[in-house]
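A.B. asks: In case you want the letters, here they are:
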Amino acid sequence: MNIRLTLFFFFSGTMMMLAQQQVPRDTFDITKSAMQFPHHYKLFGFQVSAGLSMVQPPKDLLESTYQAPLVNIHATFGLPCNFSLEGDLSTLIVSNQLALGPRFSYLYKNLGVKLGWDIAFVYGQLKQLGFDNSTKVWMHYPNLSVGYKLRKMAFTVKGEMVIVAKSSTKSGENEVNVSKNFVNGGTLALYVEQRIHKNMVFVFGVKDNYVKEYWPVWMIFTTFNRYYNIPELYLSWIL
Amino acid sequence: MKNMFSNLIGSLLVLLFLYSCNKDSTVPIPSPGLVSVLTDAKPLPAGSKLLMEGVYHVTSGSEMFGDYMVVKWNRTSVMFANNNGKHFIMQAGHLDSVVFVQGYWRDGYSDATGLCSMIITREEGGTTIVTGNGAQKIIILGAYGKDSGLPDQPLRLEYLRPFSDKVKNSKFYILAHRSGGRNSDRLPVSENSIAMVSYTEKLGTTGVEVDPRISRDGVPFIYHDADINTRLTQKGPLAGDVSAYTWHELSTFVRLIHGEKIPSVEELLTYVVDSTQLRFVYLDMKSADAVPAVIPIQLKALKRAKDKGRDVMIVVGIPSTDVLNAVLAYPDYQNVPTLCELTVDDVRKANSKVWSPRWTLGTQNNLVQQMQNEGRLAICWTIDTPSWIQNYIETGLFNGLLTNYPYVEAYYHYIQE
Numbered sequence: 001m002n003i004r005l006t007l008f009f010f011f012s013g014t015m016m017m018l019a020q021q022q023v024p025r026d027t028f029d030i031t032k033s034a035m036q037f038p039h040h041y042k043l044f045g046f047q048v049s050a051g052l053s054m055v056q057p058p059k060d061l062l063e064s065t066y067q068a069p070l071v072n073i074h075a076t077f078g079l080p081c082n083f084s085l086e087g088d089l090s091t092l093i094v095s096n097q098l099a100l101g102p103r104f105s106y107l108y109k110n111l112g113v114k115l116g117w118d119i120a121f122v123y124g125q126l127k128q129l130g131f132d133n134s135t136k137v138w139m140h141y142p143n144l145s146v147g148y149k150l151r152k153m154a155f156t157v158k159g160e161m162v163i164v165a166k167s168s169t170k171s172g173e174n175e176v177n178v179s180k181n182f183v184n185g186g187t188l189a190l191y192v193e194q195r196i197h198k199n200m201v202f203v204f205g206v207k208d209n210y211v212k213e214y215w216p217v218w219m220i221f222t223t224f225n226r227y228y229n230i231p232e233l234y235l236s237w238i239l
Numbered sequence: 001m002k003n004m005f006s007n008l009i010g011s012l013l014v015l016l017f018l019y020s021c022n023k024d025s026t027v028p029i030p031s032p033g034l035v036s037v038l039t040d041a042k043p044l045p046a047g048s049k050l051l052m053e054g055v056y057h058v059t060s061g062s063e064m065f066g067d068y069m070v071v072k073w074n075r076t077s078v079m080f081a082n083n084n085g086k087h088f089i090m091q092a093g094h095l096d097s098v099v100f101v102q103g104y105w106r107d108g109y110s111d112a113t114g115l116c117s118m119i120i121t122r123e124e125g126g127t128t129i130v131t132g133n134g135a136q137k138i139i140i141l142g143a144y145g146k147d148s149g150l151p152d153q154p155l156r157l158e159y160l161r162p163f164s165d166k167v168k169n170s171k172f173y174i175l176a177h178r179s180g181g182r183n184s185d186r187l188p189v190s191e192n193s194i195a196m197v198s199y200t201e202k203l204g205t206t207g208v209e210v211d212p213r214i215s216r217d218g219v220p221f222i223y224h225d226a227d228i229n230t231r232l233t234q235k236g237p238l239a240g241d242v243s244a245y246t247w248h249e250l251s252t253f254v255r256l257i258h259g260e261k262i263p264s265v266e267e268l269l270t271y272v273v274d275s276t277q278l279r280f281v282y283l284d285m286k287s288a289d290a291v292p293a294v295i296p297i298q299l300k301a302l303k304r305a306k307d308k309g310r311d312v313m314i315v316v317g318i319p320s321t322d323v324l325n326a327v328l329a330y331p332d333y334q335n336v337p338t339l340c341e342l343t344v345d346d347v348r349k350a351n352s353k354v355w356s357p358r359w360t361l362g363t364q365n366n367l368v369q370q371m372q373n374e375g376r377l378a379i380c381w382t383i384d385t386p387s388w389i390q391n392y393i394e395t396g397l398f399n400g401l402l403t404n405y406p407y408v409e410a411y412y413h414y415i416q417e
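Taken in sequence, the protein lines are chains A and B.
For the first sequence, the residue numbers in our numbering are 1 to 239.
For the second sequence, the residue numbers in our numbering are 1 to 417.
A portion of the hints provided could be inaccurate.
Said to hold, decoys possible - List time: in silico DSSO-like cross-link candidates among lysine-lysine, alpha-carbon distance up to 27 Å:
hint, chain 1, residue 1, chain 2, residue 2
1, A, Lys-136, A, Lys-109
2, A, Lys-59, A, Lys-127
3, A, Lys-212, A, Lys-59
4, B, Lys-261, B, Lys-235
5, A, Lys-59, B, Lys-146
6, B, Lys-261, A, Lys-212
7, A, Lys-152, A, Lys-109
8, B, Lys-261, A, Lys-59
9, A, Lys-59, B, Lys-137
For the record, the hints were derived by calculation from the structure and aren't laboratory data.
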């Protein structure tokens with residue numbers, strides 16, 4: 001009997017103590033983890049996200065059923081005075097783009113604005129499927145992002161111009177296309193950054209490329225001179 | 001607030017979807033409307049057509065069409081071609097001594113197109129052309145428009161000279177890819193169709209490359225990709241490996257992107273021999289399994305051409321070693337006309353009539369001459385950039401070039417002095 005009473009009081013006491021303890025308050029704020037949403041990035045703080053872009057090329061550019069997603073790594077580095085540096089590497093193995101550029105961000109309450117200018121280099125080479133082509137392209141991407149945040153979620157609309165500084169495409173050793181200084185088109189994207197678990201943030205994006213020459217397939221179709229809408233679905237984890 | 005965001009996302013997704021639908025897979029041919037002066041005009045006799053052909057100086061409209069144009073008649077129409085891919089597909093006829101020329105122009109590298117209407121007056125060459133008499137001084141006056149708009153921009157062409165003797169005596173082949181043109185160049189008919197074989201002559205083509213495969217029940221047919229897909233076909237009940245179906249299934253259930261049936265190799269070759277002026281067919285074998293079935297059809301078509309007095313070369317293409325082995329395994333293969341894309345040694349091994357190297361390997365004039373000295377032809381594939389087409393025609397010794405832009409090749413071939 002005594003043992004039963006002792007156990008009863010022990011468990012009751014433990015339960016009461018546990019009940020009195022406060023559950024830790026969830027202080028998560030998406031601005032500390034977001035990469036696309038414009039905010040004041042932590043000074044000298046470094047963030048990386050890794051993901052995939054699924055692309056739906058127009059039928060004109062689909063010469064085979066071989067399609068693969070773009071693998072993407074995106075990084076930000078916080079600088080003083082609301083500046084930051086952003087880098088982006090996208091690769092399809094046969095075609096690769098490295099972009100790097102400064103950003104200036106301004107955050108007012110839940111609204112953020114970010115201005116940036118990226119310089120990108122594309123290198124592609126395709127020696128399969130009857131092709132023997134390679135390409136080198138230098139591009140500029142002036143861009144503007146506008147975002148709105150909730151506590152665990154942020155929405156960002158990003159637009160950018162695609163300006164070609166210089167492109168050169170070769171078939172074998174023969175230069176088949178050299179272009180300089182032209183506006184290739186623009187892109188418009190919506191990114192949703194959503195906390196999934198603890199501080200883990202998932203980025204979902206939809207992007208439309210309205211361009212004449214789309215860098216992942218640049219080296220294949222050198223003669224087309226028309227604009228295409230090319231949608232991309234972007235999924236990534238902020239690491 | 002949540003509703004607002006879901007609406008925003010929904011709207012953007014819908015917009016993205018709408019924008020991403022690149023619906024215009026064809027550049028529409030502009031229509032001149034119901035009234036055409038050609039309805040009452042008489043067709044030009046063959047001699048008149050020859051008088052119209054030649055090199056013209058563009059004295060008005062050169063900012064759009066360049067300084068020179070080549071005018072060349074084909075089986076059904078007259079083509080005007082320039083050096084930057086813009087070309088005119090025109091019909092012509094005469095009323096008394098006035099020649100009327102109507103049709104449309106198209107930029108082969110973009111979607112630009114428009115109507116065009118021209119006239120050759122009695123005094124400025126009309127009488128010469130219609131009667132076949134008099135000095136060949138021709139001025140073509142006209143106007144061009146954009147899209148379906150009426151022709152309102154001036155165009156004036158002055159006859160400069162006839163084609164050179166070099167061109168007239170040449171048997172150079174202007175070969176067009178995929179029976180005459182790719183779907184991605186937004187032509188009004190489907191690639192690898194009989195309709196394309198017919199249409200491509202309007203673009204200056206004198207020969208075609210086509211892609212034979214074989215059906216499950218052993219019927220060779222023309223189709224480029226290994227699978228049934230919406231790049232090449234309209235949506236239908238069949239999907240997957242195209243060679244997994246019988247010929248009856250393919251011809252019943254599959255329609256090419258513009259509604260045509262998939263042609264069998266026999267249907268296509270019969271059409272080329274009977275109904276066109278094409279001089280070359282390159283059967284670019286997509287499957288080694290198809291070789292034993294294609295060769296008898298090729299030989300039958302060659303006999304048909306010979307019986308009809310048609311000078312047409314039909315060759316089985318050898319793009320890979322497995323096709324080469326299939327050809328070498330065929331009885332009496334040495335007498336089967338073939339085109340080999342491999343090395344010159346392979347060409348000799350198969351006794352191919354044509355050597356066809358990739359253009360990126362250069363003009364290779366020494367090897368080309370070796371092949372020609374052995375009584376073979378040399379034709380390179382597939383060259384699309386205007387400056388390189390010009391370079392290969394001017395500095396190379398090839399007997400023909402395979403291209404997706406035959407009008408550019410035609411321009412650089414016919415303008416040679």
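A.B. asks: Can you give the numbers of the hints that this structure goes against, from lowest to highest?
C.D. replies: 1, 6, 9
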